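S.K.: The task is simple: from the sequences and hints, build the whole structure.
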Amino acid sequence: KAGVTQTPRYLIKTRGQQVTLSCSPISGHRSVSWYQQTPGQGLQFLFEYFSETQRNKGNFPGRFSGRQFSNSRSEMNVSTLELGDSALYLCATTSDREGGGYTFGSGTRLTVV
Amino acid sequence: AQSVSQHNHHVILSEAASLELGCNYSYGGTVNLFWYVQYPGQHLQLLLKYFSGDPLVKGIKGFEAEFIKSKFSFNLRKPSVQWSDTAEYFCAVNRGGGSNYKLTFGKGTLLTVNP
Numbered sequence: 343k344a345g346v347t348q349t350p351r352y353l354i355k356t357r358g359q360q361v362t363l364s365c366s367p368i369s370g371h372r373s374v375s376w377y378q379q380t381p382g383q384g385l386q387f388l389f390e391y392f393s394e395t396q397r398n399k400g401n402f403p404g405r406f407s408g409r410q411f412s413n414s415r416s417e418m419n420v421s422t423l424e425l426g427d428s429a430l431y432l433c434a435t436t437s438d439r440e441g442g443g444y445t446f447g448s449g450t451r452l453t454v455v
Numbered sequence: 874a875q876s877v878s879q880h881n882h883h884v885i886l887s888e889a890a891s892l893e894l895g896c897n898y899s900y901g902g903t904v905n906l907f908w909y910v911q912y913p914g915q916h917l918q919l920l921l922k923y924f925s926g927d928p929l930v931k932g933i934k935g936f937e938a939e940f941i942k943s944k945f946s947f948n949l950r951k952p953s954v955q956w957s958d959t960a961e962y963f964c965a966v967n968r969g970g971g972s973n974y975k976l977t978f979g980k981g982t983l984l985t986v987n988p
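Chains X and L are the protein sequences, given in the same order. Quick note: the first sequence uses the working numbering, first residue 343, plus one each step. Quick note: the second sequence uses the working numbering, first residue 874, plus one each step.
Be aware that one or more of the hints could be misleading.
No more than 20 angstroms apart at the CA atoms, straight line, and that leaves these computed lysine to aspartate or glutamate pairs for DMTMM-like [unchecked claim]:
no.: 1; chain 1: L; residue 1: Lys-975; chain 2: X; residue 2: Glu-394
no.: 2; chain 1: L; residue 1: Lys-931; chain 2: L; residue 2: Asp-958
no.: 3; chain 1: L; residue 1: Lys-975; chain 2: X; residue 2: Glu-417
Since the hints were made in silico from the structure, they are not lab data. Being a predicted model, the structure only gives us computed values, none of them experimental.
M.R.: The structure is reproduced here in structure tokens:
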């Protein structure tokens, strides 16, 4: 089965702009989580969606938001970009069944200049 | 809040040496535990996971991990490493019971295996 697909792979944006990242889960996976990976902070949880509802949220400012569609695809949006938002953004999906593992996508590398 | 500590930032081994990477977590309730690997330029891949049952878990590529509840530990082991095991290894935890889907990761351990 196809893996977790994240688009685009790379993005370069200017401070103050906004950006939208997309994640298509494995077929049957209804839970989608987003993580930010940086050399200094490591992997940090942003939020998790299931059935179009946000169930869990990490400690990020309100500039970071997300949504999930009825087909389980998810998008995350970052508004008013700052230099510190430069990171690898990872999406992880799971079947939401206890015992199920999380499958990660290849990520979107965002560079803010 | 839960947290994960990985003791070693960088481990350097020769091929055929044995590996043990430490992982400790702080949460007193039921947990699910994971080890992920990130090869250079690749995405995170699940090595193994523990949800319940036998505390000794076997994963892919000859890796195993042992959950010791009394020590809040989930150390990763491999009896004989290969050059291809060079990668970054992440321990992660989330609360069990199906109520929390937030994975908390350790800072990672970079493993370099010299041929």
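S.K.: Output the numbers, in ascending order, of every earlier hint that fails for this structure.
M.R.: Hint check: nothing fails, all pass.
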